[in-house]
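> Sequence:
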Amino acid sequence: MNVSIVILAAGQGKRMKSDLPKVLQPLAGKPLLKHVIDAAVTLDPLSLYVVYGHGGDRIPEVLADAPVTSWVLQGEQLGTGHAVQQALPLLRDDEIALVLYGDVPLVRRETLSRLLLLASAEAMSLLTVMLEDPTGYGRVLRDPSGRVLGIVEQKDATVEQRNIREGNTGVMAIPVKYLRTWLGRLRNANAQGEYYLTDIIAMAVADGIKVTPLVALSVAEVLGVNDKLQLAELEAETRKTRARDLMLAGV
1 MNVSIVILAA
11 GQGKRMKSDL
21 PKVLQPLAGK
31 PLLKHVIDAA
41 VTLDPLSLYV
51 VYGHGGDRIP
61 EVLADAPVTS
71 WVLQGEQLGT
81 GHAVQQALPL
91 LRDDEIALVL
101 YGDVPLVRRE
111 TLSRLLLLAS
121 AEAMSLLTVM
131 LEDPTGYGRV
141 LRDPSGRVLG
151 IVEQKDATVE
161 QRNIREGNTG
171 VMAIPVKYLR
181 TWLGRLRNAN
191 AQGEYYLTDI
201 IAMAVADGIK
211 VTPLVALSVA
221 EVLGVNDKLQ
231 LAELEAETRK
241 TRARDLMLAG
251 V
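Note that this note's numbering has the sequence shown beginning at 1, numbered continuously upward.
In short, the hints are calculated from the structure, not lab data. These numbers come from a predicted model, not from an experiment. Check before you lean on any hint, since a few could be wrong.
Within a straight-line C-alpha distance of at most 27 Å, the following computed DSSO-like cross-link-like pairs (lysine-lysine) qualify [unchecked claim]:
| # | residue 1 | residue 2 |
| --- | --- | --- |
| 1 | Lys14 | Lys34 |
| 2 | Lys30 | Lys240 |
| 3 | Lys30 | Lys17 |
| 4 | Lys240 | Lys228 |
| 5 | Lys228 | Lys30 |
| 6 | Lys228 | Lys34 |
| 7 | Lys17 | Lys155 |
| 8 | Lys228 | Lys17 |
| 9 | Lys34 | Lys240 |
| 10 | Lys155 | Lys14 |
| 11 | Lys14 | Lys228 |
| 12 | Lys17 | Lys34 |
| 13 | Lys30 | Lys14 |
| 14 | Lys177 | Lys210 |
| 15 | Lys155 | Lys228 |
All chains should be modelled from the sequences, with the hints used to inform the complete structure.
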């Protein structure tokens, strides 16, 4: 399987209340984005692209030594779908595109490997998570048989849909030959006026392309960072994980 990875790292991170771009905020001694790049590299992708925006050239300058094939500038932040569109000219139709996020630093190699095994030239996969409180997450819509039908974002969800506990992490593996078509169909007629990458799920279903969900085993590995409190919580989680690993290793 030919895999290229696209990491979305263009968000402004206003809630951080910091001049430092969100994806450069430090976690366990290195920038958030570097954690994601390190996880991505272990998958041995053909190419690794980082879509950046807020913070300008500061991000590629700070991470100049990172094994990134190309840094792709998103001039305007018009949504996740628009962000992936910026990297689309660099992707080949015979590839699977794995989409990751620069502010979701603890995603594990094992999880991503499992997700890729569920994707193929004729099937896509997405990573979901079961949450006690899914506020802020897009909800995964399924039919009575459990088949995924689409994703509805929080701001566009009905009261009934907001009761769904399965949240969308945004991480997905997509055959590029279909991704190219679906991105061209995206529209921004939604509450945020953005081009949602998640809208391609319903397009895949409509086109008869298999969509296979993978539920994350750990909530911590798919948590994003939007403010200093969440950053501190992930710092604590990182220390706990390292301590557990050391104890299991007999250290």
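> Between the alpha carbons of Lys240 and Lys228, is the straight-line distance 27 Å or under?
Measuring from Cα to Cα gives roughly 18 Å; hence the hint holds.
> CA of Lys14 to CA of Lys228, is that 27 Å or under?
holds, 11 Å
> Taking only the CA atoms, is the gap from Lys228 to Lys34 under or equal to 27 Å?
Holds - the C-alpha atoms of Lys34 and Lys228 are around 18 Å apart, at most 27 Å.
> Has the given pair, Lys228 with Lys30, been kept, meaning a C-alpha gap of at most 27 Å?
holds, 15 Å
> For the pair supplied as a hint, Lys155 and Lys228, confirm whether the alpha-carbon distance does not exceed 27 Å.
Holds, at roughly 23 Å.
> Is Lys14 within 27 Å of Lys34, Cα to Cα?
Between Lys14 and Lys34 the Cα gap is close to 20 Å, so the pair holds against 27 Å.
> Run the distance test for Lys30 versus Lys17: straight-line Cα separation, threshold 27 Å.
holds, 19 Å
> Taken at face value, is the distance from the CA of Lys14 to the CA of Lys30 at most 27 Å?
holds, 20 Å
> Would you mind confirming whether the straight-line C-alpha gap from Lys228 to Lys17 stays at or under 27 Å?
holds, 8 Å
> Next pair to validate is Lys34 with Lys240; report whether the Cα-Cα distance is within 27 Å.
With Cα atoms ~20 Å apart, Lys34 and Lys240 stay inside 27 Å; holds.
> Take a quick look at whether Lys30 and Lys240 sit within 27 Å of each other, Cα to Cα.
Distance ~17 Å between Lys30 and Lys240 Cα, so the pair holds.
> Against the 27 Å threshold, does the CA-CA distance of Lys177 and Lys210 hold or violate the hint?
Roughly 14 Å between the alpha carbons, so the hint for Lys177 and Lys210 holds.
Hint compliance for this structure: no hint is broken.
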